[in-house]
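S.K.: Sequence:
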Amino acid sequence: MENPRTSSRFFSYKGIVLILLFSVTAINYLDRQTLSVIAPILQNQISLSTTDYSHVVFLFLFGYTIGQTLDGKVIDKVGTYLGMFYCVAVWSIVSVLHSLAIGVMSLGILRFLLGIAEAGNWPGAVKAVSENFPPERRAFAVGVFNSGSTLGAIIAPPLVAGIVGHWGWRLMFVAIGLTGTVWILMWNKLYRKEPVQIGAFAASPKRPSPMRMLLRDKAVWALMVGRFLSDPIWWFYAFWLPEYLAQSRGFSLAHIGRTAWIPFVFAGAGGWLGGIASDVLVRRGSTPVVARKIVMVIGALLMLCGIPASQVRSSTMALALISIVLMGYTGWASNILSLVADLFPSNEVAQVTGLNGTFAAIGGMLFTLATGWLVENVSYGSVFIVSSGMIICAIGVILWFVPRTRTAFS
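Just so we're aligned, residue 1 is where the sequence shown starts under the numbering used here, counting upward by one.
Warning: the hint list may mix true and false statements.
Claimed, not checked - Here are the simulated DSS-like pairs of lysine-lysine, each with C-alpha atoms no more than 30 angstroms apart in a straight line:
1) K189 with K73
2) K193 with K73
3) K14 with K193
4) K77 with K14
5) K14 with K73
6) K73 with K218
7) K193 with K77
8) K14 with K189
9) K77 with K218
10) K189 with K77
Hints are computed from structural coordinates only; laboratory data are not their basis.
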């Protein structure tokens, strides 16, 4: 019989891990949002034109794309503790160095380095979940830490604006960068340096599989394609929602400020609910993979609400439907991230998550370009329809190619 005191201590430790992962994800999004908030100021301070800004943003996304696979490989090699320590340390230092930017070139280089370092957050966090949470608690843990991105995106504008108003944009970068150092101190004090592998892969070898071996696995390709098709849906709403509301719904800037945050609150809730739902199914006897697929099907169906969202006359109803779409997406995201931990041993989780993230980022970049063309030449409605078709293809790939069960060495 399990010792109650041991169980209590373990549960408390899992709670600490979850708080650490949630907070670092919020810091990650806070750091990356700073530039978008102060872009109008930099146009005058360092002669940053609109074209220059687009190039700087592209360099961040390019660094983030290659960083997903690079960071995942490093994290699997050195372990979760050191991997996350290095990533957060580098992005915090780079964030502080933004205060020294003197022009477009220096700012672009710093954003590129920031993208590489920040990309390690998701491979490292999913790996930490795989090492500390059993399958029946795993999707909820992923949903909770992933919702930190929503918090970071929500608090960034008022926090950054407040700091800039008091101390200027250079000291703002210093202040935001130092939040990462505070997290590192807590991580160093609270996270176990040598976590114990939980679940079916406890006996798997410590050495991660070479990349070429992973790329021969159809489950790896299914997850990569699934995220290539699904992640752009999130980026569409994250990047284009305010402009859609202004152009297609006639919202003023003040009206956008009052309402555009609402769908993202539902997005935060969706991640938690999607994780809870699949974990409950696991506790009731379903295999983890089957449980994740069931909830992902539900999430995919909810995302189809994007089609009527673009057609209804009522702007309130459109926002409600978009909120359902984002709730469905984050429920989906909690489970597709959890699938990596369900299908692979923890010494490969960061690398596989990184590969998936690279494909997701490429999909996001391509779909962003496609969105611009479709909006200019067709309509916003076509983007809603195309994104709905993408999620149908994504769930088809996951259902067909991801195996229902898997052993440690299959």
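S.K.: None of the hints should be skipped; say for each whether it holds.
M.R.: How the hints compare with the structure:
no.	hint	in the structure
1	K189 with K73	holds (25 angstroms)
2	K193 with K73	holds (18 angstroms)
3	K14 with K193	holds (14 angstroms)
4	K77 with K14	holds (23 angstroms)
5	K14 with K73	holds (25 angstroms)
6	K73 with K218	holds (19 angstroms)
7	K193 with K77	holds (14 angstroms)
8	K14 with K189	holds (15 angstroms)
9	K77 with K218	holds (23 angstroms)
10	K189 with K77	holds (22 angstroms)
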